[in-house]
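For the record, the sequence lines run as chains A and B. Quick note: the first sequence uses my numbering, first residue 1, plus one each step. Quick note: the second sequence uses my numbering, first residue 1, plus one each step.
FYI, nobody ran anything at the bench for these hints, they're computed from the structure. One should not assume that every hint holds.
Capping the alpha-carbon separation at 20 angstroms, the derived lysine to aspartate or glutamate pairs in DMTMM-like fashion look like this [unchecked claim]:
1. B:LYS248 to B:GLU270
2. B:LYS159 to A:GLU174
3. B:LYS202 to B:GLU337
4. A:LYS97 to A:GLU54
5. A:LYS159 to B:GLU174
6. B:LYS272 to B:ASP290
Number of protein chains: 2
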Amino acid sequence: MKILRSIEAADLEDIAIGGAILGTGGGGDPYIGKLMAQQAIKAHGPVKLVDVAELPDDALVVPVCMMGAPTVMTEKLPQGDELINAFRALEQLLGRKIDAVLCGEAGGVNSTTPFVVAAMTGLPLVDGDGMGRAYPELQMVTFTMHGVSATPMVLCDDKGNSLVLDTVSNAWTERLARAATVEMGGSALLAFYSMDGATAKKAVVRGTLSLCAQLGETARKNRNAPQGPVKAITDLLNAEVVFHGRIKDVDRKTVGGFARGTASFEGVEEWKDHTFKLEFQNEFLMAERDGEVLVTTPDMITVLDAETGMPVTADSLRYGLRLVTLAFSGHPEWLTEAGIALVGPRYFGYGVDYTPFVANSAD
Amino acid sequence: MKILRSIEAADLEDIAIGGAILGTGGGGDPYIGKLMAQQAIKAHGPVKLVDVAELPDDALVVPVCMMGAPTVMTEKLPQGDELINAFRALEQLLGRKIDAVLCGEAGGVNSTTPFVVAAMTGLPLVDGDGMGRAYPELQMVTFTMHGVSATPMVLCDDKGNSLVLDTVSNAWTERLARAATVEMGGSALLAFYSMDGATAKKAVVRGTLSLCAQLGETARKNRNAPQGPVKAITDLLNAEVVFHGRIKDVDRKTVGGFARGTASFEGVEEWKDHTFKLEFQNEFLMAERDGEVLVTTPDMITVLDAETGMPVTADSLRYGLRLVTLAFSGHPEWLTEAGIALVGPRYFGYGVDYTPFVANSAD
Numbered sequence: 001m002k003i004l005r006s007i008e009a010a011d012l013e014d015i016a017i018g019g020a021i022l023g024t025g026g027g028g029d030p031y032i033g034k035l036m037a038q039q040a041i042k043a044h045g046p047v048k049l050v051d052v053a054e055l056p057d058d059a060l061v062v063p064v065c066m067m068g069a070p071t072v073m074t075e076k077l078p079q080g081d082e083l084i085n086a087f088r089a090l091e092q093l094l095g096r097k098i099d100a101v102l103c104g105e106a107g108g109v110n111s112t113t114p115f116v117v118a119a120m121t122g123l124p125l126v127d128g129d130g131m132g133r134a135y136p137e138l139q140m141v142t143f144t145m146h147g148v149s150a151t152p153m154v155l156c157d158d159k160g161n162s163l164v165l166d167t168v169s170n171a172w173t174e175r176l177a178r179a180a181t182v183e184m185g186g187s188a189l190l191a192f193y194s195m196d197g198a199t200a201k202k203a204v205v206r207g208t209l210s211l212c213a214q215l216g217e218t219a220r221k222n223r224n225a226p227q228g229p230v231k232a233i234t235d236l237l238n239a240e241v242v243f244h245g246r247i248k249d250v251d252r253k254t255v256g257g258f259a260r261g262t263a264s265f266e267g268v269e270e271w272k273d274h275t276f277k278l279e280f281q282n283e284f285l286m287a288e289r290d291g292e293v294l295v296t297t298p299d300m301i302t303v304l305d306a307e308t309g310m311p312v313t314a315d316s317l318r319y320g321l322r323l324v325t326l327a328f329s330g331h332p333e334w335l336t337e338a339g340i341a342l343v344g345p346r347y348f349g350y351g352v353d354y355t356p357f358v359a360n361s362a363d
Numbered sequence: 001m002k003i004l005r006s007i008e009a010a011d012l013e014d015i016a017i018g019g020a021i022l023g024t025g026g027g028g029d030p031y032i033g034k035l036m037a038q039q040a041i042k043a044h045g046p047v048k049l050v051d052v053a054e055l056p057d058d059a060l061v062v063p064v065c066m067m068g069a070p071t072v073m074t075e076k077l078p079q080g081d082e083l084i085n086a087f088r089a090l091e092q093l094l095g096r097k098i099d100a101v102l103c104g105e106a107g108g109v110n111s112t113t114p115f116v117v118a119a120m121t122g123l124p125l126v127d128g129d130g131m132g133r134a135y136p137e138l139q140m141v142t143f144t145m146h147g148v149s150a151t152p153m154v155l156c157d158d159k160g161n162s163l164v165l166d167t168v169s170n171a172w173t174e175r176l177a178r179a180a181t182v183e184m185g186g187s188a189l190l191a192f193y194s195m196d197g198a199t200a201k202k203a204v205v206r207g208t209l210s211l212c213a214q215l216g217e218t219a220r221k222n223r224n225a226p227q228g229p230v231k232a233i234t235d236l237l238n239a240e241v242v243f244h245g246r247i248k249d250v251d252r253k254t255v256g257g258f259a260r261g262t263a264s265f266e267g268v269e270e271w272k273d274h275t276f277k278l279e280f281q282n283e284f285l286m287a288e289r290d291g292e293v294l295v296t297t298p299d300m301i302t303v304l305d306a307e308t309g310m311p312v313t314a315d316s317l318r319y320g321l322r323l324v325t326l327a328f329s330g331h332p333e334w335l336t337e338a339g340i341a342l343v344g345p346r347y348f349g350y351g352v353d354y355t356p357f358v359a360n361s362a363d
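The shape of chain A in the complex, shown without the other chains (with noise of 0.2 angstroms):
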């Protein structure tokens, strides 16, 4: 299998930061998923990324994660051996060997997982993930819209406990592995969605992992650059900066295994005397300016520090930060009417229809 990249512990920097701006608020945070993974490569060696074309068509592949409310992973830092111990009994349970290791959904935690897996095991990892970004459910990656069954899941918590799941479709995955990882105290980490070569040229994301080191890179290179990283993350993203402003208000809480909550801003400079909102549950789903609904999911919503262009979780909202946020198109597979059924404003309650929201590049 062709190398693409090898992956040493100082690269986690770059992919940790790119991992949280494609996490559009969700995934996790980078400074944590940074440190898990870089420990893994320290003590086991760098890990080899492969573009998904070079998998055998009868390759078995298998992408971890973690689940739960970043608010909680935040506290309760995960341990490589609960993700390890998911993969292994999965790997048991589908009595083969695993062949390369996948990545779930980029984040600043979950683009970094799977590093800690490759590493141990010394599998490959592919170039992709089941997203191109954060969404906050477990049926949300392109592989239920190819056919991939969520299950065989095993789901491990820091104590030991593990759970085996079964079930007739990908929200009854959801709904289970949620109940269990509240319970669980608010995380768990997932072996899931194994499938072959063949199913996952079609299925995976393309290059996420690749995005998100450039995007990482992009954002240190430019830090004291004169135009400053938040332009130089705007353009390669092909995105727009819909507002800057600061934090007025957070109403944020922690209920059903999600953090839900919303977020006000008032403008600065430019966007002084406009108001501005943001939605999120875990990630950021709907952004509203002067009360009329301006992005929604499937696009992507992304929030950075003005000064550093540094991604700034959902979590990490406090009153006063001065932000400035992005919007752009989302993966176009999001785009067709499957994906919308899978993650428009709809599924997630918001009395709209999905617009697509175009980035004006004279911005």
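On the provided structure of chain A, position chain B as indicated by the hints.
Okay, now just chain B, sitting in the frame of chain A:
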């Protein structure tokens, strides 16, 4: 293996009624339990009841059970298929043939669920259970006191979803299985606490199903006797009538997968001018008379219709019903320190120590 007795469909009438008497308010509705088991026996033939002492030491014995709030079980009839699916899935997981079926708890439904599996598989059914009564939580079995692990456990619902649990303690099994059961709509079918024959001989409460049959028969044969059925049942159980009265209020809610509440009574006849109160969480857990705690778990509180002697579950308590409450001593194994720690009043959040109830035989 010497067969104690062959159980025909007609015998289930008594067993279900007796099960509900020992069910102390929980364990499911006997009418539903009877129908389920009768249907299975009519389709597959009678069930061979065996004494636990007959089991070879290396026999594999597996209890089956229905889990959930009885309030839900009554409206969502269990299907034989779900039980047999759980049982067969556990058998496959354990990698060897199961030799005998065991009852988890006595109750209107849960005394009869093992008959469904025994009839469908042709396996012998052990005359005993893990409680000698019903209790609301999974870890509350004599099996726990004998070091038997509840897991691996298989939990199935009516939709085709299944879970395999592997937990660090039986208390964790309860938490995770309860969360899944709530998500599955409030009821689920289980196969768990697999053990060998040698362990079963120590851990099983012997003779529970025969006692159910005897209690049901006593109730039936004395329905029109001069002294009435209540007296006959009271005598058979070495119980005491602790109250006779009408329900004046029931405060009930289904919360966390349990039917919880309080029933208040006003006395009739010799109990006129006295008050009485029952606390329940699926089962009757505590009785207060004239404001004083009179009986708590592990001692047994059962409620009979004053006229017919038929057991009344906590779920069927209704304003105006005229009922007799019996109390009697719990199985000796529950009266130990370990037993009281598992099921005593403090576990359920009542601020009293367990004080043994001694039936006044002069009553």
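Requested in this report: State the violated hints by number, sorted upward, taking the hints as numbered earlier in the document.
Outcome: none
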